[in-house]
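**Student:** Chain residues, written in single-letter form:
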Amino acid sequence: MSHSSPIPARDQMNVVIVGHVDHGKSTVVGRLFADTGALPQGKLEAVKAECARTGKVFEYAFLLDALSDEQDQGITIDTARCFFKTARRDYIIIDAPGHIEFLKNMISGAARAEAAALIIDAKEGVRENSRRHGYILAMLGIRQVVVCVNKMDLVGYDQAHFERIEAEYRAFLKGIGAPDPKHFVPVAALHGDNLAVRSDKTPWYRGPTMLECFDGFAKQPSRRDQPLRMPLQAVYKFTARGDEARTFAGRIEAGRVKVGDEVVFSPSNKRARIRSIEGFNTAPRSEIEAGWSTAFTLSEELYLTRGEVMSHAAQAPLVGTRFRANVIWLGRKPFVQGRDYKLKLHTAAVPVRLARIHKVIDASEIGSELAKQEVGRHDVADLELEVKSPVAFDLIGDSECSGRFVIVDGYDVAGGGIITGTVADATDDFRSEARLRDFNWIHGGVTGAERAQSNGHRAALVMFVGGNGVGKRRYARALERALWDDRRQAYMLDGTNVLLGVDHDLAADAAQQELVRRFGEVANILLRAGLVVVSTTNAIGLADHSHVQALLGDQPSLAVDVDPSGSSTAQCDLRIRGDEPEAVVVAQIAALLRARGVLGL
Amino acid sequence: MDHLDQLEQQSVYIFREAFRHFERLCMLWSIGKDSTVLLWLARKAFVGNVPFPLVHIDTSYKLPEMIAYRDRLAMEYRLTMVVGQDAATLASGRTFPATKGLPDGHPDKVDRTACCAALKAGALSATLNGTGLRRKLNLETGEYQDWHDRQPWHGVIVGARADEEGSRSKERYFSPRDRNNQWDIGDQPPEFWNQFKTDFAPGTHVRIHPLLDWTELNIWEYIKRENIPTVSLYYDQGDGTRYRSLGCGPCQNPIQSRAKDVDDIIAELKSGKLKNIAERSGRLQDGKHGLEELRKQGYM
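Keeping their order, the protein sequence lines are chains A and B. The working numbering puts the first sequence at residues 1 to 601. The working numbering puts the second sequence at residues 1 to 300.
In short, the hints are calculated from the structure, not lab data. Since the model is a prediction, treat every value here as computed from it, not as a measurement. Heads up, a few of these hints could be off.
[What the hints assert, rightly or not] Calculated lysine to aspartate or glutamate pairs in the EDC-like style (CA-CA distance at most 16 Å, straight line):
#1 A/123 / A/163
#2 A/104 / B/184
#3 A/237 / A/278
#4 A/104 / B/187
#5 A/258 / A/287
#6 A/123 / A/22
#7 B/273 / B/216
#8 A/388 / A/340
#9 B/270 / A/287
#10 A/104 / B/171
#11 A/219 / A/90
#12 B/109 / B/76
#13 B/44 / A/278
#14 A/85 / A/212
#15 B/224 / B/71
#16 A/182 / A/128
#17 A/182 / A/168
#18 A/388 / A/573
#19 A/219 / B/2
#20 A/342 / B/199
#21 A/43 / A/59
All chains should be modelled from the sequences, with the hints used to inform the complete structure.
**Tutor:** Structure (structure tokens):
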């Protein structure tokens with residue numbers, strides 16, 4: 001890429017200003033503008049003259065109001081998101097206006113910021129939103145915070161008073177596990193004390209001024225040295241221009257990768273090598289790193305969907321269906337158990353349920369817990385979430401992009417959160433086994449995609465489950481025959497045959513888990529051969545389906561429950577009573593397979 | 001990565017999110033510098049392709065250079081180029097330019113804001129929801145033809161920048177518009193990190209803003225870096241004036257400037273000469289609160 005500009009672009013930083021209402025945010029910003037020369041010519045004098053004329057005491061906050069009026073009239077441009085400069089860099093000040101929608105706007109603003117200034121009124125002390133905003137900044141991942149104890153003139157620039165507020169607020173942040181702010185600055189914004197210039201009224205204060213604190217904020221270090229994470233955003237195939245290759249697009253959120261690297265995708269456990277790095281109007285690249293929205297071609301035409309996370313095998317993300325999280329809720333309706341929501345985590349979007357509430361925290365009070373069975377608007381909660389199908393994720397401390405998420409209720413983003421812990425689920429052991437196996441699997445010379453293309457369908461498992469003598473085998477035979485007659489590569493795997501051979505060494509009272517494991521591994525090999533496997537077994541029930549699926553990675557499987565009593569409520573893909581004609585059931589299953597993209601390629 | 005790289009990469013990310021989530025997606029192209037950078041970024045995002053239609057609202061009062069430039073690029077980049085227009089209002093003569101000669105207070109006189117509300121906001125709304133005229137460029141013949149596609153678009157990519165004027169600074173990256181194309185500024189969705197509002201009720205649509213964080217200077221620096229073609233109206237017209245923002249002929253004034261190329265414009269913006277002059281100061285419909293009102297009604 002050509003950079004012909006002789007002067008390097010100036011450093012730029014987004015800083016969000018937060019704090020309780022009336023603690024002096026606008027005055028701080030107005031005074032910073034005035035003291036850094038960011039105001040249009042004559043503006044300060046004009047506002048002062050207007051105050052003198054109307055008999056009002058001049059306030060720096062009026063400056064912001066005046067600027068915003070002008071903004072509406074389209075006269076000044078530089079104040080939309082307030083800009084000011086120091087010798088060190090340019091600042092964009094993101095203001096979070098203080099009306100009813102305060103919290104949503106505060107979050108939207110703060111989520112774009114690299115650092116924050118939190119304002120506390122020296123006279124009023126630490127208030128509800130001082131605490132809530134501190135909590136939210138921590139949750140949003142803003143580690144650089146300067147606390148401005150404002151209106152020090154109203155408490156006589158008293159050192160002990162300042163230190164009491166500092167101690168109280170540090171204790172609060174510590175209690176909620178938030179990062180400890182580097183600086184607390186005693187300020188009287190109205191008089192400019194310790195904002196841009198050091199004040200002689202606080203000789204006891206030896207720390208930096210607010211502006212020095214701003215200049216001391218570090219730019220976020222590149223994440224190029226972290227483990228590779230690229231959530232798959234889309235797979236493109238633009239045939240209109242004659243591009244035949246699939247390109248796998250996404251932003252590298254962490255780490256780096258080069259052409260020839262072997263990469264794995266989670267949760268499917270698929271593996272390939274990077275063949276090329278694609279771009280438009282840019283020099284060819286052989287390596288690319290965190291921050292770039294890029295696209296790759298791979299050594300194999302993998303069948304991958306959005307929501308997979310690309311990594312190196314040695315440092316793959318976690319995969320599971322349950323995790324522990326901190327959530328802030330903004331929805332009009334409370335977050336409750338027993339209802340489906342949508343989880344958007346990196347590029348994955350999956351149905352999610354609130355599995356368990358550990359505690360609902362009142363973010364505005366230290367350590368206080370609310371005895372609630374739901375999470376209400378503006379509440380913060382420590383809870384467990386359960387997703388329907390496995391997702392790739394990381395703990396927030398390990399990788400940001402895959403450790404934070406939002407929850408959608410209906411059409412609206414109703415909450416956001418961070419992943420704080422793992423929760424064991426029953427299929428963890430099998431999933432780990434499958435991952436280790438797949439990452440190290442020795443591939444033959446024919447790929448799964450080639451088999452699918454040649455067969456005209458993808459591989460899949462259809463498991464008939466249910467009690468003894470309900471007709472599972474009859475349906476399985478009919479399905480195998482129908483698929484075969486339709487020129488599909490189908491094979492009936494009868495559980496009895498696995499017991500007779502593969503399980504021959506097991507004692508009669510062998511653990512169910514081992515029976516399931518062996519059955520799943522046999523099915524896995526047949527699926528890799530590209531077959532539609534139709535299984536029928538008494539040994540393995542509906543309750544085992546999720547375990548079998550865990551062994552199969554992202555290869556699709558259907559559970560068909562044959563239940564003459566009609567009383568079963570456990571989750572399955574299709575439930576029949578056993579008296580339906582075979583042709584009807586076969587047609588229903590074929591429709592399900594088409595919907596899953598197995599048939600109809 | 002420098003600052004321009006960061007802006008570019010975030011825009012590409014937003015483009016890809018939009019393309020993934022909105023089956024009925026289009027992009028507004030005003031032919032100006034911002035939406036032309038936007039078009040360039042679309043080609044970055046989709047590796048040289050533009051996989052959705054570009055929509056231009058032609059008020060019939062655009063300067064001829066703009067139309068020629070639009071069609072030249074559309075042919076060269078093989079764009080699905082769609083033009084919408086409020087033909088009924090134009091035919092009726094109820095526009096600002098057509099009634100300019102009438103005395104003040106005359107009942108048939110149409111002011112600038114009302115003209116914009118019809119020819120731009122109204123035409124845009126009708127083009128987006130499919131009730132209005134849609135004409136598509138035939139890439140074989142170079143002619144525009146009535147387009148059979150009348151389905152509404154639910155995702156609309158626009159080139160608004162937060163620093164351009166006050167109301168635009170209140171936008172999200174993904175900003176919903178309601179059934180009447182209206183924008184509820186007071187109740188906007190939260191945007192956590194890079195998770196955007198991509199679920200929407202039937203009949204509503206979402207405006208997508210990949211350029212929200214760009215400044216006027218960033219736009220010109222990027223035009224220079226990528227060597228993006230621009231309309232000649234942005235440069236000194238030979239009389240010491242140039243256009244800083246492009247709109248309809250009767251409602252825009254050039255600014256005093258001898259900037260003759262991209263380098264001159266970048267130098268001019270860096271010099272601070274234009275610091276106290278709003279970018280859209282030559283756009284006469286804005287007036288007092290005119291633009292925020294127009295934007296609530298769907299103006300981009």
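**Student:** Honestly, which of those hints from before does the structure not fit?
**Tutor:** 9, 12, 15, 16
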